[in-house]
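K.L.:
Sequence:
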Amino acid sequence: MLAPRLHSLLDAQHASYTPVPHERAVTALDTAAAAHVRRELFAKTVMLKIDGALAMMVMPAAYRVDLHRLSLALGGPVVELAEEAEFRNAFPDCELGAMPPFGHLYGMPVYVDSRLAQQPEIAFNAGTHTDAVRMPYAEFEKLAEPELLWLAHVM
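Residue numbers (the numbering used here): 1 to 155.
What the hints contain is simulated information worked out from the structure, not anything from laboratory work.
Remember, it's a predicted structure, so these values are computed and weren't measured experimentally.
The C-beta atom is built at its ideal place from N, Cα and C for all residues, glycine as well.
Fair warning: there could be bad hints in the mix.
Said to hold, decoys possible - Label-pair restraints from in silico Cβ distances: (1) 11 - 76: 32 to 42 Å; (2) 73 - 40: 27 to 37 Å; (3) 19 - 69: 14 to 24 Å; (4) 51 - 11: 32 to 42 Å.
Take these sequences, add in the hints, and give me the full structure.
P.N.:
This is the structure we're talking about:
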C-alpha cells in the first residue's frame with residue numbers, strides 16, 4: 001500500500017506510475033533487488049540536516065552523498081546526516097526509512113543527484129518496506145520539483 005500522502009498526490013495529479021509490491025527489504029540496494037529494478041534506477045532518499053533543518057537528498061541506490069560537496073553547492077551551510085530519531089515523526093504515514101522522495105509532502109526541500117535525471121524512469125520507496133513505485137523520471141521531477149545537484153559518489 002502506498003503512503004496516503006503519496007497516493008493522494010499521484011492520483012490528484014493523474015500521474016503515470018506503476019506500484020511495485022516486493023518482498024520486505026530495508027536497504028536501498030536490497031529494495032532494488034527485491035523490486036527487480038536496476039540499482040541505477042532505484043532512487044534512495046537520504047535524510048539530512050541543513051543548518052539544522054530537515055531535507056531530503058535523492059540519489060541512485062549505489063551512491064552515497066558527499067556532505068562537503070553538498071554544502072559547497074548550497075552556499076556553505078552546515079550539512080550533516082540526520083539521525084533516525086530526528087526525522088522519525090516527520091513521516092507519520094510511512095515506515096521509518098521507507099519515505100518517498102517528495103519532500104514538499106512533508107514540509108522539506110528535496111535535492112536530487114542529477115544522474116537520476118538522465119534515467120528514463122526511476123523507482124523509489126512508497127512509504128513501506130514492501131512497496132515501491134516506478135514512474136518516468138520527468139513525471140517525478142514535475143511532481144517533486146527537486147533541485148538538481150551533482151553530489152554522490154559510487155559506493
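K.L.:
Would you mind marking each hint as holding or not holding in the structure?
P.N.:
A quick look at each hint next to the structure:
1. 11 - 76: 32 to 42 Å: holds (40 Å)
2. 73 - 40: 27 to 37 Å: With Cβ atoms ~22 Å apart, the hint is violated.
3. 19 - 69: 14 to 24 Å: Violated, since residue 19 and residue 69 (Cβ atoms, about 34 Å apart) do not stay within the stated range.
4. 51 - 11: 32 to 42 Å: holds (34 Å)
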